[in-house]
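Based on the provided sequences and hints, a complete structural model is requested.
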Amino acid sequence: MIQQIEITLPAYPRGYHLIDSEIERQLPNLPGVGILNLFIKHTSAALSINENADPSVRDDFESIMNNLVPENEDYYTHVFEGSDDMPAHIKASLIGPDLSIPISKGRLNLGTWQGVYLCEFRNRGGKRKIVATIYS
Amino acid sequence: MIQQIEITLPAYPRGYHLIDSEIERQLPNLPGVGILNLFIKHTSAALSINENADPSVRDDFESIMNNLVPENEDYYTHVFEGSDDMPAHIKASLIGPDLSIPISKGRLNLGTWQGVYLCEFRNRGGKRKIVATIYS
Amino acid sequence: MIQQIEITLPAYPRGYHLIDSEIERQLPNLPGVGILNLFIKHTSAALSINENADPSVRDDFESIMNNLVPENEDYYTHVFEGSDDMPAHIKASLIGPDLSIPISKGRLNLGTWQGVYLCEFRNRGGKRKIVATIYS
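Residue numbers (numbering that gives the first Met the number 0), protein chains in the order written: chain P, 0 to 135; chain D, 0 to 135; chain C, 0 to 135.
Pairs of lysine-lysine, DSSO-like flavour, derived with a Cα cap of 27 Å:
#1 K40/D with K104/C
#2 K104/C with K128/D
#3 K128/P with K104/D
#4 K126/C with K90/C
#5 K40/C with K90/P
#6 K40/C with K90/C
#7 K128/P with K90/P
#8 K104/P with K40/C
#9 K40/D with K40/P
#10 K90/P with K128/D
#11 K104/P with K128/C
#12 K40/D with K126/D
#13 K90/P with K126/P
#14 K40/D with K128/D
#15 K90/P with K90/C
#16 K104/D with K40/P
#17 K104/D with K126/P
#18 K90/C with K128/P
#19 K128/P with K40/P
#20 K128/D with K90/D
#21 K128/C with K90/D
#22 K126/D with K104/C
#23 K40/D with K90/P
#24 K128/C with K90/C
#25 K90/C with K90/D
#26 K90/C with K40/D
#27 K40/P with K90/D
If you're looking for bench data, these hints aren't it; they were derived computationally from the structure.
Below, the structure is given as structure tokens:
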């Protein structure tokens with residue numbers, strides 16, 4: 000069986016944000032066993048899973064990724080949408096738009112320390128749409 | 000229900016290439032709702048999703064990824080298949096071999112600006128095989 | 000149909016490790032056609048697919064990823080779990096926790112040179128849990 004909904008996230012500031020509870024609030028009751036596929040319909044934001052406790056991890060994600068793909072490099076050619084745009088595309092591709100998370104006993108089977116991140120790479124990304132597909 | 004086909008892409012030059020229409024042309028009719036899983040059977044090419052309009056984005060992908068994982072670093076040990084080989088493995092792993100894309104109303108439910116990229120990291124990668132699995 | 004098991008990997012040293020045979024040994028008989036989803040329940044280890052033959056590829060993965068995300072950068076703030084911890088989180092997010100691999104003719108439909116990697120980014124990561132979900 001397949002269930003599918005579209006989730007609209009409110010605009011988040013640039014950075015890494017825990018969105019588990021926002022996502023779970025909008026999902027239907029989960030099946031006993033299955034997979035939840037999350038897919039973000041954008042090219043300058045991404046979905047990841049990482050540490051859900053200490054906010055300093057998410058701060059370091061933002062600064063390390065900025066260091067890895069800096070803005071305003073001389074050799075960039077796609078520059079007319081702002082200095083944050085092309086780095087955002089690269090970061091989004093490195094992290095990826097999709098996650099497939101196992102469902103067990105009616106719940107997302109994440110590890111103790113795992114949370115779902117919205118990775119917002121634009122200064123003003125606006126609302127973001129995620130398609131959630133559950134198969135069981 | 001599961002349907003599965005193998006798609007052979009023609010040899011593309013090194014770089015980032017939009018392959019949506021090539022993929023969709025070879026797929027069977029899509030179900031109303033489901034997931035399309037794409038999996039590339041290679042270790043020096045990858046699949047990604049990003050901006051489908053301005054070709055300068057794809058040019059910058061190529062140059063930024065080359066800058067991130069340069070060729071000919073002194074400390075590389077796996078060098079006998081050419082200077083583009085080991086960087087291609089790393090890039091392929093960073094971007095990843097698989098994508099799971101939602102299907103809605105009989106179509107791939109991509110965002111307006113999203114297209115599927117073949118990321119060809121070898122100078123002469125040759126034909127590339129993708130397994131496409133649709134479940135509904 | 001969905002089948003799901005949890006696999007516990009023994010503690011591996013920091014680095015990249017082929018785990019195909021370990022995974023396949025613990026899986027039930029595979030269906031004729033389907034998908035295997037693998038999901039690692041940790042935030043400082045990841046799953047990838049890459050070259051299964053020459054061990055020097057896996058050695059270079061370790062050194063290139065260490066070069067990409069170095070330890071002990073001055074600007075890191077999440078430092079109290081050891082110098083390998085924050086880089087491990089970033090690497091895990093870049094590579095990703097999940098893989099969806101096609102099953103064809105009762106076998107994982109990997110390319111000739113593809114193997115499944117456990118990417119252990121901690122010095123002492125301990126045992127690692129993977130949820131394997133097969134749908135067919």
